[in-house]
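**Student:** Take a look at the letters that make up each chain.
2 protein chains.
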Amino acid sequence: MADAITTRADDYSQWYIDIVRGAKLADYSPVRGCMIIRPNGYALWENMKAALDGMFKETGHENAYFPLFVPQSFLAREAEHVEGFAKECAVVTHSRLIDDGEGGLKPDPESEIGEPLVVRPTSETIIWNTYADWIQSWRDLPILINQWANVVRWEMRTRLFLRTMEFLWQEGHTAHATKQEAVEETLRMLDVYTTFAEDYMAMPVLRGVKTASERFPGAVDTYCIEALMQDGKALQAGTSHFLGQNFAKAFDCTFQNENNELEYVWATSWGVSTRLVGALIMTHSDDQGLVLPPRLAPTQVVIVPIHFNDEQRATVLEVARRIEQELADAGIRVELDASEAQRPGWKFNEYEVQGVPIRLAIGPRDVKNENVELARRDTREKEIVPQKGLTARITELLDRIQEGLYNRALQFRQERTTAVDSYDDFKAALDEPGGFVLAHWDGTAETEARIKEETKATIRCIPFTDQLRGLDEPGEDLLTGKPSEQRVVFARAY
Amino acid sequence: MADAITTRADDYSQWYIDIVRGAKLADYSPVRGCMIIRPNGYALWENMKAALDGMFKETGHENAYFPLFVPQSFLAREAEHVEGFAKECAVVTHSRLIDDGEGGLKPDPESEIGEPLVVRPTSETIIWNTYADWIQSWRDLPILINQWANVVRWEMRTRLFLRTMEFLWQEGHTAHATKQEAVEETLRMLDVYTTFAEDYMAMPVLRGVKTASERFPGAVDTYCIEALMQDGKALQAGTSHFLGQNFAKAFDCTFQNENNELEYVWATSWGVSTRLVGALIMTHSDDQGLVLPPRLAPTQVVIVPIHFNDEQRATVLEVARRIEQELADAGIRVELDASEAQRPGWKFNEYEVQGVPIRLAIGPRDVKNENVELARRDTREKEIVPQKGLTARITELLDRIQEGLYNRALQFRQERTTAVDSYDDFKAALDEPGGFVLAHWDGTAETEARIKEETKATIRCIPFTDQLRGLDEPGEDLLTGKPSEQRVVFARAY
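As given, the protein sequences belong to chains C and R, one line each in that order. Mapped onto the numbering used here, the consecutive letters of the first sequence carry residue numbers 538 to 1031. Mapped onto the numbering used here, the consecutive letters of the second sequence carry residue numbers 538 to 1031.
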């Protein structure tokens, strides 16, 4: 039996760790801040990758791969970029280890390399250095490239999936002839992320633009999707940056336009990471373990046979295998667990902790009555259903579970989204009900910083106003009373 | 028009570079020894990954992900392993860059990290350190894990795809309860690699075991597949290692067997890398550019419309789109290039350089006669064929091209495989016809080293004898006259 999972009410942080470990998603590693993504966690990430990759290709992007290492001088080329990343990066300085004379190893002083290399924290610099070679004329544009890669940021406080020193991600880097095209691309990819979060992860998100202080280092505008976790904290789930001509200027990347004039190229970049696995866990899971939306679940249906002797085993397995085949033929990701190393009760618990959306149990009586026991992971309801018509029932049920998870998360968010007009109400709402607080802000970094200092709440985004139905009137800043064009979204955040 | 490609006869090395650059597969990067894999090259690698990943999963493996960084002390745990990798690795020593006072950056001396980290050259150490945590009992075995990752080896002499400082690969790492199971796994994965090389890459390979001096550092036995390139040099295309209990002992990884005895776990590891892209290029390509086997070609069929006015354009494109749709519906990877930025002649050349297996051209006359012009990349033959039945013809032709490429490569290898019994014949055969030379060897490292020094030929493998039809008799070493059980495969190699 797996160790019991701490309840959310008892200790939310420990609950999260218990889920990650209990569902065998990831482990800590001997390298501080780095994690080991176990097969269950990686299969989830693979499904996320496949869905996102398909959407990237549908919107005209191609994958490529750029080097892991960035010469340190490249980072320095864009002033805000270096400010943002130089403070926390892994620096390669030597190319050889030698005996340290005490039975161990040390970097060979003679192998010190000329220019230190940084393990990429993100790839704008190395990519724009390359684009400067690739782009001469308007005919070479747009360039629509995505990269699946690992990146490293030297974080001091790490949490599995949510914040790790090394993480896996995708980073799109596009080059355009006009500002308008680049802005359109930035928003198009924000839409792709929104669709992915809502339709695949069943995780509702707010879309908007970051304030200057929360912008990506080097961006003109950072757009984001923000999700709400079950502890009432916000989580930035994806960002899409309009980079203007900042990187083109830093790397002297120009093109001849159709009028034979030389112009700087316009840029975007956008990314999501293995952090989404953490977001998925914290959006749907419960005190019994992981809960997975069917569209991303590596296994959508698990079949557990129950038998007490060899004769029963044969008849039960025959039916189980037939059902497995039928479900597989319908494109459902099904697994039959016929192993005898563990008892059915152990398996029930294990698949519950692992979040498999539907569990079927088949025993001798079910064979006789042509039924199966069907258990839903999301509601934990069980029912006896006929084998006849089972595939159609499950196909429909998987859709219903997917939709149900989304609606439950949306309702949770709605119950924890409060519009306030006074600072007292603001502070009260951050504690109860918690979650997103919509309030007016005067647009200054000073006010933003003061609120953050006093309440730990940050501006998650300046939301697109279509999400503010009925709340999109202008108003006055909570603290300063200065005019505000629209409400912004505050929350305490991961 | 793309730059002309150097012919193989003129300068084989330059020809290779011209193909890589001309077909837009990869570029050099500003980081010495690292390459940029461009979309055309990456799409090829993605197709290779998809095929291999499917075969890994069919044979029961799961993917996972382990950290990029390995503590330097881990490398030292296995004596041969550290010997093999410590001399050429990227060492991370600092976690922050600061202003160097001269407008640039330098590693912040105060950010020096406690124990230097090595960027993984391979992951046996970090993985076996983890397996020691995961494995307690025989019930936890086998562990069948694969990882898709980037690795770094500090190579001084690099060539695009063939030998780069950073490369992409997969590394399988499995743990078993018995020696026999581990050996079977090692050979099973060698079979998977053989199938992939021959059936997907259309590249015949010799299978065998490495001599002690060519073994993976830390392995008991290294099995390999060896391919022959068009310049007569061999290329190691994949390796599968039986690691015995070496890493289990180094990381104290034991398990309780079914008799409640404590035993060390048995291990394998196996990998192929982006080097295979280089192998693919050098197996099939010609003086006109890249030649791709249809099963791996990102685009299998390209359609180039030809028209001289708007009216023609409309009718030609209508037919082109219909054919595109029919081919796509049949599961063929087809691309219609309707862009007007370039003329048909330019496109013909471009797709030839890029190795698209079949090119269709459709002009006004073809529309009228219900024909298309079909050009094969492998033979460069063109013919006019009816639109009717085109999909079936192309489906069949793609198979024929795949098979034809394999047969051509096999014939090439056969013509350049020589069995010799004297050292003079040996040296002559290495030069003419070149390629593989089958000869007797006394099994000593001394003889092997002397032959290498004198002829630059190495023992590529001790081949499985089923490949030696009629040549599998014992004999005497070329140089020493000492007894030899079987012939081994010599060649000059990449």
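Hints are computed from structural coordinates only; laboratory data are not their basis. Where hints are given, some of them may not hold.
[To be verified] Partial chain R-side listing against chain C, Cβ under 10 angstroms, derived:
#1 663
#2 691
#3 929
#4 932
[Claimed, not checked] A few chain R positions that, by computed beta-carbon distances, are all more than 12 angstroms from chain C:
#5 632
#6 1019
#7 1031
Just so it is clear, CB atoms sit at the ideal spot from N, CA and C, and this is done for glycine as well.
**Student:** Indicate, hint by hint, whether the structure satisfies it.
**Tutor:** Verification of the supplied hints:
1. 663: 7 angstroms, holds
2. 691: It holds, given that the least Cβ distance between residue 691 (chain R) and chain C is near 4 angstroms, below 10 angstroms.
3. 929: Not OK, violated: residue 929 (chain R) not within 10 angstroms of chain C, min 27 angstroms.
4. 932: 23 angstroms, violated
5. 632: Label violated. Min Cβ-Cβ 4 angstroms, cutoff 12 angstroms.
6. 1019: 37 angstroms, holds
7. 1031: Consistent with the label, residue 1031 (chain R) stays out of reach of chain C, its closest Cβ about 21 angstroms off (over 12 angstroms).
Going through the hint list in order, the structure does not satisfy hints 3, 4 and 5.
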